[in-house]
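Numbering-wise (the numbering used here), the sequence shown opens with residue 5 and increments by one.
Some clues are possibly wrong.
Claimed, not checked - Taking lysine to any residue pairs in the SDA-like style, the calculated list, with each CA pair at most 25 Å apart, reads:
(1) Lys-201 x Lys-167
(2) Lys-136 x Ala-669
(3) Lys-341 x Tyr-229
(4) Lys-330 x Trp-304
(5) Lys-415 x His-484
(6) Lys-583 x Glu-607
(7) Lys-175 x Thr-21
(8) Lys-170 x Ser-32
(9) Lys-735 x Ala-115
(10) Lys-224 x Lys-341
(11) Lys-170 x His-484
(12) Lys-167 x Arg-728
(13) Lys-554 x Cys-293
(14) Lys-412 x Ile-470
(15) Lys-725 x Asp-564
To be verified - Per label pair, the in silico range of CB-to-CB distance:
(16) Gly-67 x Phe-379: 44 to 52 Å
(17) Ala-115 x Phe-379: 26 to 34 Å
(18) Gly-265 x Thr-76: 52 to 60 Å
(19) Thr-348 x Asn-327: 18 to 26 Å
(20) Ile-511 x Ile-371: 37 to 45 Å
(21) Gly-343 x Ala-134: 23 to 31 Å
(22) Leu-39 x Ile-498: 24 to 32 Å
(23) Ile-511 x Ala-115: 36 to 44 Å
If you're looking for bench data, these hints aren't it; they were derived computationally from the structure.
Cβ coordinates follow ideal geometry from the N, Cα and C atoms, glycine included.
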Amino acid sequence: MPEAEENLILVSSHIDTVSTTEGAGDCSSCVGVMLELARGVAQWAHGFKSGVLFLFNTGEEEGLDGAHSFITQHHWRNSVRFAVDLEAMGISGKSTLFQGTDYWALESFAAVAKYPSAQIASQDIFRSGAIKSATDFQIYQEVGGLPGLDFAYTDTTSVYHTKNDKIKLLKPGSLQHIGDNMLAFLLHSAASPNFLKNAQQQKQENTEQNKAVFFDILGKYMVVYSQRLATMFHNSIILQSLLIWGTSLLMGGCSGLVSFGLSCLGIILMLIFSICLPVVVAFILPHICPFPVPYVANPWLIIGLFGSPALLGAFIGQHIGFNLLKRHLRCVYSRTKPGLTHNTREYVIDLEAERWIFKSGFVQWLIVLILGTYFKVGSSYIALIWLVSPAFAYGFLEATLSPVRLPKQLKVVTLVLGMAAPVVSSAGLAVRMADVIVGSIVRVDRNPGGLPDWLGNVIVAVAVAIVICFMFVYLLSYVHISGDKRTLGLLLWIFFGLSLALVTSGIVPAFTEDVARSVNVVHIVDATGIDDGNREPLSYISLFSNTPGKLTKELVDLGDEEFFCGRNMTTDFVTFTMKYGCWSYKDSSTGWSKSEVPTLRVESDSVTDSARQTVISVDTKSSTRWSLGINKQEIDDFTVQVDSEKLVLLGDKTEVDGWHTIQFAGGKNSPTKFQLTLYWSNTATKTSRREAKEASDVPLLVKLRTDVNRVTPQVTNVLEKLPRWSTPFGKSTSPYTLAFLTDLPVNIFRQ
């Protein structure tokens, strides 16, 4: 139909992957699903109002290049009305809808998805910048202005961009899951005139009104409602809660206000102690374990290593608040209930304090709900559930309107009824987020050696502590007057001790062949600081890791390769800096030739109208993948061109730590000679050439790294000897196994 040809639903994924992996999950699995979807859609394509376009793009790993090229240059780009992106951050589990732009699109997916998996909390985390990554969906949304949905696998994220992203570990059920959901969605959307109408009108309407809250329930049902409705509902609950608390405190008088304050103090103490204990463990682990992060291959260990101390700390903090409450209530009851016997009074005080501690959970989640609603955080629905469900159960089963009636012990059914909905809605999310955080530690150190060894542990410890504080606040209130306090403490210590023994002894390994540590081996030819062409480049084998910790265990298997390690082994790779690593000069002179060393030559340097302009010829030789850093402290602007075609135009230049970095990745026929024109800043360094040569620390003007996808003989030798529990890790900023470095200092130019 002509109408369908002019209105397309784009289904996109990328066929490329990084050099260190097979790319089974990221994203061969997506490509396979798309091929099967194309077959299924072709069989059922009857009466479609919208066409379905399958885009197999490339260049995603090098900077989302394929998606950008399509949405800005292809002649079909103006016919696309909606975009679906399939991605992977792991190799198993459900393909989760983690980004969605519009209420109507999410509602359409929820209506037909067989096994919905969706979580707006993932969208909140992804868009906050906590996860330093991007997908093609970002291009379709920001550059193309398209509405759409973004899906990704997230389980076993530790294998992401490593050798273990392989077919052997890929779960067929994961592919079936996204296939079933997507086929139903595409058939429904393509045939729906309303879907097409909504997609066409999206750009003309206020996008704020189209935003939605979405999440699934046990993978069986999906809940979708507008952000506007969520805000109205949240505000209503907040106002009612504040009104109820205000009335209650007013009726309770000064003593009630003090009790309220002490119960809130208990929340603060609970959070402090719950964070402090596991953080202490986080600092200790690097000193007593073979690896600073000894739980990556077995994430369940964090329950014992951090969960047990966090729960113990939460109980200690809450118990201190409980005892302070009891002290205050003794004064109140001795004054208001003098006729009670001592034993009766103490029992009643325990019950009253228990209730205040339980109700402090309402305050905790109310504060979270207020903040989430104010900042329009979609996942604040979690706070709503954790507030309303226990409050309803307490009001229905425990509350009394008679101030004369003495308190009774909290019923177990109150806890069960109040916690059912929150646990069902949040437990899976907590487990999934823990798996993502632990898996991400494998690659947390973007500048190898730049982060302290304990930082990854602290991140996990704090995350676990916060989850436990918020999820166990109601449950722990039942323990204080029971006889199980010592039993709870003993069990937590035993669980912690067993977990610690397992990781310190190495019985449970930190890494395995299938969940490996990131270790990169790069043959570096360093021509930096050579401006006369007379000296030979420095050549060596470099070993570094994005996983926290030193490389001492790896060197056990590399004893005869003459590696020496330290923080003085710094290498500037342009896109990142190796601040700790290992070097070896053994047999490093083979596998490359001097003709492959890139060059930076100053062709002209002139001053016109008090503005300085320098033209530099860049020759990357045999490399079609390179990174160029330009000193923005010295240079205001620049252009890059090949022959007469300008690749980088003037204007709109950003900087990070004073540098603007250009990354180029092309095919085998890509150009290797470029012209870089620099326009200097008026505040640029003004030193003479003689002073520049005599200075020991001359600032750099331009730095260049070229990559060659070739494994030299010595790199092959090192890779074969590395432990099986180690793996290279690749990303767009990572070098290949052979890298050339060169630079151009400030004020070193041809006269």
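Is 36 to 44 Å right for how far apart the beta carbons of Ile-511 and Ala-115 are? 50 Å, violated
Agreement of Lys-175 and Thr-21 with the hint, judged by alpha carbon distance not exceeding 25 Å: With a Cα-Cα distance of about 19 Å, the restraint between Lys-175 and Thr-21 holds, given a limit of 25 Å.
Given the hinted pair Lys-735 and Ala-115, is their Cα-Cα distance within 25 Å? 37 Å, violated
So if I understand the rule, the pair passes when the alpha-carbon distance is 25 Å or less; does Lys-341 with Tyr-229 pass? 50 Å, violated
Verify the CB-CB distance for Ile-511 and Ile-371 against the hinted window 37 to 45 Å. Roughly 42 Å apart at Cβ, these two residues keep to the hinted range, so it holds.
Against the 25 Å threshold, does the CA-CA distance of Lys-136 and Ala-669 hold or violate the hint? 20 Å, holds
Taking only the CA atoms, is the gap from Lys-330 to Trp-304 under or equal to 25 Å? 37 Å, violated
Between the alpha carbons of Lys-167 and Arg-728, is the straight-line distance 25 Å or under? 11 Å, holds
Whether the CB-CB distance between Thr-348 and Asn-327 falls inside 18 to 26 Å: 19 Å, holds
Are the Cα atoms of Lys-583 and Glu-607 separated by 25 Å or less? Given pair Lys-583, Glu-607 is violated - Cα atoms ~34 Å apart, limit 25 Å.
Is the hinted pair Lys-725 and Asp-564 satisfied, with a Cα-Cα distance of at most 25 Å? 10 Å, holds
25 Å limit on alpha-carbon distance, applied to hinted pair Lys-224 and Lys-341: Between Lys-224 and Lys-341 the Cα gap is close to 53 Å, so the pair fails against 25 Å, i.e. violated.
In summary, the numbered hints that this structure violates are 1, 3, 4, 6, 9, 10, 11, 14, 16, 21, 22 and 23.
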